[in-house]
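Chemist: If you want the building blocks of each chain, they are given just below.
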Amino acid sequence: MAFYVVQFLTGLASAASLFLVASGLSIIFGVTRIVNFAHGAFYMLGAYVAFTLTERFSGALGFWGGIVVAALAVAVIGVLVEMVLLRRIYHSPELFQLLATFGLTLMVEDLVVLIWGPDDLVGRRAPGFKGAIDFFGQNIPSYDLFLIALGPVVLGILWLLFQRTRWGILVRAATQDRDMVAALGVNQKWLFTSVFALGVFLAALGGALQIPRDAVNHAMDLRIIVEVFVVVVIGGLGSIIGAFVAAVLVSELNAFGILIFPKISIILVFLVMAVVLIVRPWGLFGKPEAPARRTPGLTVNPWRPLTTNERFAAIAALLVAAALPVLNNPYLLTVGSEIAIFVIFAASLHFLMSVGGLASFGHAAYFGLGSYGVALLATKAGLPMIVCLLLGPIVGLLGAAVFGFFAVQLSGVYFAMLTLAFAQIVWSIAFQWVSVTGGDNGILSVWPSSWVASPANFYWLSLGVAAFAVVILRIMVFSPFGFALRATRDSPLRSEAIGINSKRIQWTAFVIAGTVAGVAGALFAYLKGSVFPDNMGISLSVDALVMVLLGGVETVSGAVIGAIVYKALNIWLVSQTDLSKLVLGGFVVLIVVAFPKGIVGTLEALMHRRRKSSSSASPLLSSRIETAE
Amino acid sequence: MSMVPTLLSVENLTKSYGGVHAMRGVTFDLRAGEILALIGPNGAGKSTCFNVLNGQIIPDSGRVRLLGEEITGKKPRVIWRMGVGRTFQITATFPTMTVRENVQVALVSHGGELFNLWSSTASHARDEAGRLLDLVGMGAYAERPCGELAYGDLKRLELAIALANQPKLLLMDEPTAGMAPRERVELMRLTARIAREQSIGVLFTEHDMDVVFEHADRILVLNRGSLIAEGSPEEVRGNTQVQAIYLGEGLVYDARHREGASA
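First to last, the sequence lines map onto chains A and B.
Residue 447 in the working numbering sits at position 462 of the first sequence; the count goes up by one each step and never skips.
Counting from 1 along the second sequence, just add 4 to a position and that's the residue number in the working numbering.
These aren't lab readings, by the way, just hints derived from the structure by calculation.
It cannot be assumed that every hint is accurate.
What the hints assert, rightly or not - Derived DEER-like restraints, expressed as beta-carbon distance ranges: (1) Val260/A <-> Glu73/B: 34 to 40 Å; (2) Ile94/B <-> Arg151/A: 31 to 37 Å; (3) Ala144/B <-> His593/A: 17 to 23 Å; (4) Phe119/B <-> Ile245/A: 39 to 45 Å; (5) Thr31/B <-> Ala167/A: 43 to 49 Å.
Just so you know, these numbers come straight off a predicted model, no measurement behind them.
Ideal Cβ positions, reconstructed from N, Cα and C, are used throughout, including at glycine.
With the sequences and hints as input, model every part of the structure.
Modeler: Okay, structure coming up:
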C-alpha cells in the first residue's frame, strides 16, 4: 500500500513542472491563438540557464535566486522572440505559426549543444530539500513534496492574477474577443508581449525546477512538448484549470502505467486521451475552436489538371531523371533514390495537408511503420522483397486507420498536436519494445533482392514508384473524392449542408496519405538496409512539412519540387556543417516569414500576374470580396 | 389550396438555453410551392428555429416532419439527402474552386459519387451544373474562381448549389442580407419563380420588410420564442399585436405606405 502511495506522490511531483509548462502554453494560446511549439525549447533553456546560475553564481544568487533569475532571463529571451518573430505571423494560419515556432525549437537545440555541450548535466540538490522522508519504509524525496505543494500554489497565484488584477481582466477579455479589446483602446502589442513573457516564464520555471530531479539534456524539449500537447489536448487549450487537472492525470497515468506496462507505459496515456477525445473533443475544460484562418495569398486560381504541353514537359523531366545512371556515379544514384523516396513522402503529406487542409505534424509515423513493416517481414518472416514492398505499406495503412480515426475528429491546432503525439507514441514503442524492434539499435540487414541490388536498378525502382505515386495522387486530387476533400477544407458548413460526411472523407484521405507514406518508408528501409526509430521521429515529420511548404502549400505539384529542392539541400547541408538543425530551423523561419507561398506558389503568382496584365482586367476581378465563413 | 399536400410540418418545437426560451411550442405547416416568411425582432428565435429544421440544433421537444417523415434531430447532411436545400446568412461556398465546380461538388454528392477516387470531376455533371447556373443567371460566370465573385453573385451561386439535390424544401436564412436593393428584388423574384415552377416550398427569414411583404405568400411572426401571428401579408400587417410588439422595420413600412398613420 505504502508503495502505491509513494508512486502516487511521485506522479504528483512530476505534474508540477508539466502543469507550469502546459499552463504557460495555454495562457499564450488563449490570447494570441498561437500554439507555441517553442515552449519546450524555453523549458529546456530554463533548465540550462538555471544550471549555470546555480553552479557558477550560486554565491551571489543562492540556489532559489538562481532558479527565479533563470526563468526571468528566459522570459526576456521570449519577449525578444515575440517582438522580432511572432508579431510578424499573428495573422498567419496556424500551420505557419506552428512551423515557425518549431524552426525556433530546432535552432535552440543546436544552440544549447554549442553553448553547454552535448553531455547530460547533473545539477545540485535544492538546499533544504536534500533528504528524503520515510513513509512506512518507502522513501519520498522531500523535494518532491515541495513540488507537490508548488503546483496548487502556482495555480492559486495565476487565479488571483487573472481575477484580481487589471492586467488579468484584460487578458481574460482578450481571450474571449481580442478584436473587441483592441477596439476598446487597449494596446494589443504590449498585452500580447506581456502574456507571452508570462507563458515563457512559467515554462522556464518548470524547466529550472527540474534540475534537482533530472539531468539537463538537449532532448528534453521534445519530450516535454509532446507531454504538454497531450495535457492540453486532454485538459482543453486555453484553460488553466484544465492544464492542472490534465497534468495531474497524465503524470499519474505515467507513474502507474510503468507498473502495468513497464515497456510501453505511454499506451495508457494514449488510451485515456482517446477516450477524452471521443467524449469531449475539445478537452475536459476546453471550448470548440474558432474556424481556421485562411492561408495568406490563398490562390484565387482554382486548381486545374496539367495541359497537354505540361504533361509532355513532366514526362520529359522524368526521362531526364531516368537517364541519371548514365553518369555512372553510385553516390549520386543513392542520393537520387533518396530524393525520389522523399518525393513520395512529401506528396502523401501534401494530399492530406493541401487538399484536405489537415496539417499532420506526425506524418513520419506512417513512413516509419512502412519501414518497420518491411524490416520485420524481411528479417523475421524472411519474405522476398517484392512481397515485403507490397505488405509493408499495409502497416502504415493500419496505423493511419487507427490514429486517423481519432485525429480527424479534430481540426487545426488540435489536429496538429494530436498527430504529433501519435507519432511520438509510435516512436517510443519502436524505441522501447526492444525485443521486437531492436530499440535504439534498430533492425539491420534489410537488403534488396538481387534484381534491384545495383544502385542504378534501385534508383529506377524508386523513381518509377515515385512517378506512379505522384500520378495516382494527382488523379485523386481531381477525382470527385478530391473535390469532396477540398470542399471539407474550404467550408465545413457548406460541405455538411450538401450531404458530405466530412469526417469519413477526411479519414479516408488520412488512410490514403498514411499508406503512400508507408510505401515511401518501405523503399527507404531497403535503400538504407536498416531501420531505426528515427525513421518515425519528429524531425522527419517536420522535413515533410517543410518540403510541402517550400514547394507551395496551395499548389498541386509543389510537394514534388519542394521535396527535390529540400532533400538535395539537406543532404548537402549535413555534409557541410555540424549545425544542420540551426541552419534548418533558420531556413524554416525564413520561409514562413518571407516566403509563405513557396517556390511553385510564387512562380504561379508571377505567371498569373503576367497573364492578367496582358489580358484586359475585368471589373469583377478588381472588386473582389472576401467571404467570411 | 387544400389539394396541395403539406410539405413540412412543425409541431410544438421547444428549445431553451439555460433560462432563456428560444422557442416555445412553435407549430406551423408549409405546403409545396408556398413561400413562407419567418419574421420577428432580434432574439425572437428565428435562427434557432432554422437551425432545428436544418439539423444543426436538436430541440428539447417537438417534432419536424418532411412529407410525413420525421427529421427531428437528424444530421444536416441526412436532412439534405431527404430533399432540403439551404442557403446561409453569411454565404458558405468553396472559394478555391470555380463557380461551376462549386455546383459540381453538390451534384457529385447528390449522385452518391463522393468516394469515387478515379474518374475526373471535370466531366462530372458538367451540363447539369451549367443548367443550374443558367437558371440563377450565373451561366456566364461558370469558369470564374468563386473567390472572386461579388457578394450578390455568391448569393445566387448558393441558390444554385442549394438546388442541386432537386430539393422539395428550400431554407433561406436572410437570403438578401448585405445586398443592394435592386439585387434583393431580383434574387427574390428568381427564388419565387423557381419555387412556383418546381413546386418547391421555401421558408425564409428576413429583416427587410419590403422583401417579406412583397414575396411571401404567408408570414409567421415570432416573438420571444412564441408564434404571435400567422397569416397573409395583409393580415399580419393589420395585426395590432404584431404592431405593438414588433417595433422593428414593420412600423417603418407602415409609415411609408400608409401616410398619416399614428405614431
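Chemist: What are the numbers of the hints the structure violates, in ascending order?
Modeler: When the structure is compared with the hints, none of them turns out to be violated.
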